Amino acid sequence: MAQEEKEEIRYISITDTRARKLDKFKTEGKIPSTNWAVKMGVAIGILTGKMAGKKFGGRGHGVDVEAVDPQGLFRILVGKDVAQYARGGLDILINELEKGKSVFDIYRRYFEGRPK
Amino acid sequence: MWIKRLVLDNFRSFYGHHDVPFERGINSVLGPNGAGKTTLIKALEYNLFGITENVTEREVINDKHKDECLKKGMTPSASVWVELQHGEKRYIVHREFFAPEGGRIPESLTVNGETVENSWIHEYLILPEDFELMNIIGIKLNTLIKSFRSKRNAVRDLIGLPLISKISRSTTMAYNDYVSQTKWAEEQQSAKIARRELLERELEDIHKRIGELEVNESEAKAELDTAKKLLEETRKKIDSESTSLYTEIEGLQSQYQLVSEQLEKERKNFTEMQDSLPYFLVLSTVRERIGEIQKVIGRNINEFFRHYGFLEGQIGALQKYIGKVKPDHEMKVDASNTKKELDTILRALPGRNLPSREEFREFMRIERSLNFIEYLERMAEKSENYPVLERKILELGAKEVSLTRRLEEAKSIFRTRGKKTAEIAKLEGKVEALTRRDASVTTELERLRRDRDLRTKEVRDIIRDLSKYSQMSDEEEKYARRAFALKSMFEELVQKHEKDKIAKIGKRAHELFLNIIEKPELFTGLELTHDYDVKLHEKYHPKGEIPTTRPSTGETDVMYISIALALNMESGNKMVILDDATINLDNKHTKKVLDAINEFGFEQVIMICKDTIKNLVLTKLDSRKVYDVQFDKIKESSIISSIVGG
Numbered sequence: 024m025a026q027e028e029k030e031e032i033r034y035i036s037i038t039d040t041r042a043r044k045l046d047k048f049k050t051e052g053k054i055p056s057t058n059w060a061v062k063m064g065v066a067i068g069i070l071t072g073k074m075a076g077k078k079f080g081g082r083g084h085g086v087d088v089e090a091v092d093p094q095g096l097f098r099i100l101v102g103k104d105v106a107q108y109a110r111g112g113l114d115i116l117i118n119e120l121e122k123g124k125s126v127f128d129i130y131r132r133y134f135e136g137r138p139k
Numbered sequence: 063m064w065i066k067r068l069v070l071d072n073f074r075s076f077y078g079h080h081d082v083p084f085e086r087g088i089n090s091v092l093g094p095n096g097a098g099k100t101t102l103i104k105a106l107e108y109n110l111f112g113i114t115e116n117v118t119e120r121e122v123i124n125d126k127h128k129d130e131c132l133k134k135g136m137t138p139s140a141s142v143w144v145e146l147q148h149g150e151k152r153y154i155v156h157r158e159f160f161a162p163e164g165g166r167i168p169e170s171l172t173v174n175g176e177t178v179e180n181s182w183i184h185e186y187l188i189l190p191e192d193f194e195l196m197n198i199i200g201i202k203l204n205t206l207i208k209s210f211r212s213k214r215n216a217v218r219d220l221i222g223l224p225l226i227s228k229i230s231r232s233t234t235m236a237y238n239d240y241v242s243q244t245k246w247a248e249e250q251q252s253a254k255i256a257r258r259e260l261l262e263r264e265l266e267d268i269h270k271r272i273g274e275l276e277v278n279e280s281e282a283k284a285e286l287d288t289a290k291k292l293l294e295e296t297r298k299k300i301d302s303e304s305t306s307l308y309t310e311i312e313g314l315q316s317q318y319q320l321v322s323e324q325l326e327k328e329r330k331n332f333t334e335m336q337d338s339l340p341y342f343l344v345l346s347t348v349r350e351r352i353g354e355i356q357k358v359i360g361r362n363i364n365e366f367f368r369h370y371g372f373l374e375g376q377i378g379a380l381q382k383y384i385g386k387v388k389p390d391h392e393m394k395v396d397a398s399n400t401k402k403e404l405d406t407i408l409r410a411l412p413g414r415n416l417p418s419r420e421e422f423r424e425f426m427r428i429e430r431s432l433n434f435i436e437y438l439e440r441m442a443e444k445s446e447n448y449p450v451l452e453r454k455i456l457e458l459g460a461k462e463v464s465l466t467r468r469l470e471e472a473k474s475i476f477r478t479r480g481k482k483t484a485e486i487a488k489l490e491g492k493v494e495a496l497t498r499r500d501a502s503v504t505t506e507l508e509r510l511r512r513d514r515d516l517r518t519k520e521v522r523d524i525i526r527d528l529s530k531y532s533q534m535s536d537e538e539e540k541y542a543r544r545a546f547a548l549k550s551m552f553e554e555l556v557q558k559h560e561k562d563k564i565a566k567i568g569k570r571a572h573e574l575f576l577n578i579i580e581k582p583e584l585f586t587g588l589e590l591t592h593d594y595d596v597k598l599h600e601k602y603h604p605k606g607e608i609p610t611t612r613p614s615t616g617e618t619d620v621m622y623i624s625i626a627l628a629l630n631m632e633s634g635n636k637m638v639i640l641d642d643a644t645i646n647l648d649n650k651h652t653k654k655v656l657d658a659i660n661e662f663g664f665e666q667v668i669m670i671c672k673d674t675i676k677n678l679v680l681t682k683l684d685s686r687k688v689y690d691v692q693f694d695k696i697k698e699s700s701i702i703s704s705i706v707g708g
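Quick note, the sequences are listed as chains A and B, same order.
Heads up: the first sequence begins at 24 in my numbering, then just goes up one per residue.
Heads up: the second sequence begins at 63 in my numbering, then just goes up one per residue.
Hints in this document: simulated from the structure, not taken from any laboratory.
One should not assume that every hint holds.
Some, not all, of what chain B presents toward chain A, calculated at C-beta under 8 angstroms [to be verified]:
(1) 336
(2) 339
(3) 344
(4) 348
(5) 351
(6) 424
(7) 427
(8) 434
DSS-like mimics (lysine-lysine), calculated; alpha carbons at most 25 angstroms apart, straight line [unchecked claim]:
(9) B/482 x B/492
(10) B/454 x B/444
(11) A/73 x A/49
(12) A/49 x B/327
(13) B/299 x B/482
(14) B/330 x A/53
(15) B/357 x A/103
(16) B/473 x B/298
(17) B/697 x B/126
(18) A/49 x B/454
(19) B/254 x B/270
(20) A/53 x B/444
(21) B/492 x B/283
(22) B/454 x A/124
(23) A/53 x B/461
(24) B/126 x B/695
(25) A/124 x B/444
(26) B/454 x A/53
(27) A/47 x B/330
(28) A/122 x A/44
(29) A/47 x A/73
(30) B/695 x B/128
(31) B/66 x B/151
(32) B/672 x B/687
(33) B/330 x A/124
(34) B/444 x B/330
(35) B/327 x A/53
(36) B/330 x A/49
(37) B/676 x B/66
(38) A/103 x A/73
Predicted model, so just to flag it, every value in this text is computed and none were measured.
Where a beta carbon is used, it is the ideal one built from N, C-alpha and C, also for glycine.
All chains, please: the whole structure from these sequences, using the hints.
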């Protein structure tokens, strides 16, 4: 953990389970891509303040941070905690998608409920 | 009648008295030129007919006798006695010539001692009814004996031979020409008729073939037209199909392109929007956070930059200064010192709120992100359009799919057009084959028509020629007219001189002449010339045509000797006087003439010859008397002595 803090964040670990689920949604056409889902996950995580445990997951399945947050907007907000927010937000997103909600419905919901 | 004796007294070259007795049969007088052979004939002529020509005194009276008489004071005179035996009667005709008086030679004539007139001889002695030739000779002996040429001309004139012969020849020639022309024309005609028949047969075949081919041609043309029409229709149909298909494909393609572009654009927008959706959620928070950061570190950063900029300016000035002079150790030390001072300044900057390196990086990142954030903010306002955009994309996608399908269909139709092209090619091949067939038929028809025209023209020409032959060609007509004209002239001439004895004789002579020419065997094998040899004659003139080539001098002489002999035979006269008649003849013909004279059995022949043919005459002729005339001497030779050479 100490090493992660010192080093620049390069990967966001999302675990194999999440990755498989995202793959499934992607195949079903519910999400445009895994990176996008991670990005959405980060946003939802930041909005809801939901963070996944640091011990959860690991290096099993990861996505490139530069691909998810090329402009570093998320990192302005949460810095090195971006991966934890991502995992937390992804859980919400996956849950919502599994309920049959569309991407735009989810967006609408969180956009309406965002802090003004 | 025959001449029994000729007596000369001082006549011309003969001085003194000369007694020349002749006998019945052949009497030969031989001698060289100028010996006096012709003088004997002259004596005979002057005695019987008087001097009818212009002669001088010298030509009658002997010069030597004249000289003697002048010396003696006597009157010179010449006398000629001719004793004639006419049947039982015997006449002694004596004529005496005196010296000329006033250009005329006086003469006295006595017959059997009685003085008579010249005409007496013509009336009583030489009677026309007794012997016709003598009549002729009696009238023209003067001319006859002058020379053989004159003699020949005289005979020709007398018997009217030139004209008759000419007429006859011309007539015969014209007739022969006419016959040959006609024959030629007939041959030509028959050849042309045969040719015409052949051509007509050929024409019939050609017409038949043309008829067949014309049927074929019309069939071929009809078939070709049908095929062409079909090809044209197919082409039109396929062309119109192709055109509409092309238009459709083009339209579809442009539509597709339009939709694709639009779709792509919308998709891009959608993707951008979709991509930005997560940012939209945190955008306001980010804005707030940036504000805070800027607030916290912004002032310090500005101040920092101001001092830092000042020091950097100093370093720049120093470096500039160092650049101007050659940098030595000291200057380098100064620069290093200035850098150290800058660090010191940086460290000695007032305020402890200087941003950390991390903060500074963040600040810089925020600065960089501000534009993007502004963009996102602008876009976030449109985020409500997201479902519309999605729907639109779906619609466009459906439209694109439909267009793709339609395009695929049109393209598949277009691909099937290849089969139709093959159909056209097949039809074109058929049309080409039919065109070739039609062309070959047309070519053959043209050839046949050309042949037909040529043959028809030839037949027409032949028919025209044949009609011409059926009449008479200009040349033929000319010959025919000439022949008829000459024939009538000849008949007229004969008719005109019917009662004229000369003409009668001439006519008879002409017949004989023709007989001689055509039937020389009538005259005991007397051949006119080797050219007129019977065999050769038959060879060159197998149909008895009269030779039209001009006879040579010798040939002409032979002809006239033959005529003279023949006329004598015909007229019953048995007396012939030949004065150098064989002068132009070669040995062969001389022998033949002599043989003829022998065989014809004349009552009397007086033959005057050059002494060059003496031996020939002596050996050939059964001469009763032979005289050698040697100038003023007339010497009788015996045959034996002559032969022996005495």
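Hints, verified against the model:
The interface hint given for residue 336 of chain B is met, as the beta carbon of that residue sits about 6 angstroms from the closest beta carbon of chain A, less than 8 angstroms. Given the 8 angstroms rule on beta carbons, the hint for residue 339 of chain B holds: about 5 angstroms separates it from the nearest Cβ of chain A. The criterion of a C-beta within 8 angstroms of any C-beta in chain A is met by residue 344 of chain B, whose closest approach is roughly 5 angstroms, and the hint holds. The criterion of a C-beta within 8 angstroms of any C-beta in chain A is met by residue 348 of chain B, whose closest approach is roughly 5 angstroms, and the hint holds.
Here the hint on residue 351 of chain B is kept, as its CB sits about 6 angstroms from the closest CB of chain A, short of 8 angstroms. For the restraint placing residue 424 of chain B at the interface with chain A, the shortest Cβ-Cβ distance is roughly 7 angstroms, inside the 8 angstroms limit, so the hint holds. For residue 427 of chain B, the suggested interface contact is upheld, since its CB lies about 5 angstroms from the closest CB of chain A, less than 8 angstroms. Taken as an interface hint, residue 434 of chain B checks out: its beta carbon lies about 5 angstroms from the nearest beta carbon of chain A, inside 8 angstroms.
Note on residue 482 of chain B and residue 492 of chain B: the hinted pairing holds, with a Cα-Cα distance of about 15 angstroms set against a maximum of 25 angstroms. Between residue 454 of chain B and residue 444 of chain B the CA atoms are separated by roughly 15 angstroms; this keeps the pair inside 25 angstroms, and the hint holds. With a C-alpha separation of about 23 angstroms, the suggested pairing of residue 73 of chain A with residue 49 of chain A holds against the 25 angstroms cut-off. Of the supplied pair hints, the one linking residue 49 of chain A and residue 327 of chain B holds, its CA atoms being roughly 22 angstroms apart against a limit of 25 angstroms.
Taken as a hint, the residue 299 of chain B and residue 482 of chain B pair is honoured in the structure, with Cα atoms around 10 angstroms apart against an allowance of 25 angstroms. A distance of roughly 18 angstroms separates the Cα atoms of residue 330 of chain B and residue 53 of chain A; the hinted pair therefore holds under the 25 angstroms criterion. Between the alpha carbons of residue 357 of chain B and residue 103 of chain A the distance comes to roughly 22 angstroms, so the proposed pair stays at or under 25 angstroms and holds. The hinted pair formed by residue 473 of chain B and residue 298 of chain B meets the criterion: a straight-line CA distance of about 20 angstroms does not exceed 25 angstroms.
At roughly 20 angstroms between alpha-carbon atoms, residue 697 of chain B and residue 126 of chain B fall within 25 angstroms of each other, so this suggested pair holds. Our distance criterion of 25 angstroms between C-alpha atoms is met by residue 49 of chain A and residue 454 of chain B, whose separation comes to about 21 angstroms. As the CA atoms of residue 254 of chain B and residue 270 of chain B are separated by approximately 24 angstroms, the hinted pair is consistent with the 25 angstroms bound. For the suggested pair residue 53 of chain A and residue 444 of chain B, the alpha carbons sit about 22 angstroms apart, so the restraint of at most 25 angstroms is met.
With a C-alpha separation of about 13 angstroms, the suggested pair residue 492 of chain B and residue 283 of chain B falls inside the 25 angstroms cut-off, and the hint holds. Straight-line distance between C-alpha atoms of residue 454 of chain B and residue 124 of chain A comes to about 20 angstroms, which keeps the hinted pair within the 25 angstroms bound. Taken as a hint, the residue 53 of chain A and residue 461 of chain B pair is honoured in the structure, with Cα atoms around 22 angstroms apart against an allowance of 25 angstroms. Between residue 126 of chain B and residue 695 of chain B, the direct Cα distance comes to roughly 14 angstroms. Compliance with the 25 angstroms bound is thereby established for this hinted pair.
Of the supplied pair hints, the one linking residue 124 of chain A and residue 444 of chain B holds, its CA atoms being roughly 21 angstroms apart against a limit of 25 angstroms. A distance of roughly 18 angstroms separates the Cα atoms of residue 454 of chain B and residue 53 of chain A; the hinted pair therefore holds under the 25 angstroms criterion. A hinted pair counts as satisfied when its Cα atoms are at most 25 angstroms apart, and residue 47 of chain A with residue 330 of chain B qualifies at roughly 24 angstroms. Taking the CA atoms of residue 122 of chain A and residue 44 of chain A, the gap is about 13 angstroms. The hint holds against a cut of 25 angstroms.
Of the supplied pair hints, the one linking residue 47 of chain A and residue 73 of chain A holds, its CA atoms being roughly 23 angstroms apart against a limit of 25 angstroms. For the hint linking residue 695 of chain B to residue 128 of chain B, the alpha-carbon distance of about 18 angstroms falls within 25 angstroms, and the restraint holds. Between residue 66 of chain B and residue 151 of chain B the CA atoms are separated by roughly 12 angstroms; this keeps the pair inside 25 angstroms, and the hint holds. Of the supplied pair hints, the one linking residue 672 of chain B and residue 687 of chain B holds, its CA atoms being roughly 16 angstroms apart against a limit of 25 angstroms.
The hinted pair formed by residue 330 of chain B and residue 124 of chain A meets the criterion: a straight-line CA distance of about 23 angstroms does not exceed 25 angstroms. For a cut-off of 25 angstroms, the pair hint linking residue 444 of chain B to residue 330 of chain B stands: about 14 angstroms separates their Cα positions. Taking the CA atoms of residue 327 of chain B and residue 53 of chain A, the gap is near 21 angstroms; set against the 25 angstroms cutoff, the hint holds. Of the pairs offered as hints, the one joining residue 330 of chain B and residue 49 of chain A holds, with about 19 angstroms between alpha carbons and a cut-off of 25 angstroms not exceeded.
For the given pair, residue 676 of chain B sits about 23 angstroms from residue 66 of chain B by alpha-carbon distance, which is consistent with the 25 angstroms threshold. Restraint check for residue 103 of chain A and residue 73 of chain A: the C-alpha separation of about 15 angstroms stays at or below 25 angstroms, so the hint holds.
Checked against the numbered hints given earlier, the structure satisfies every one of them.
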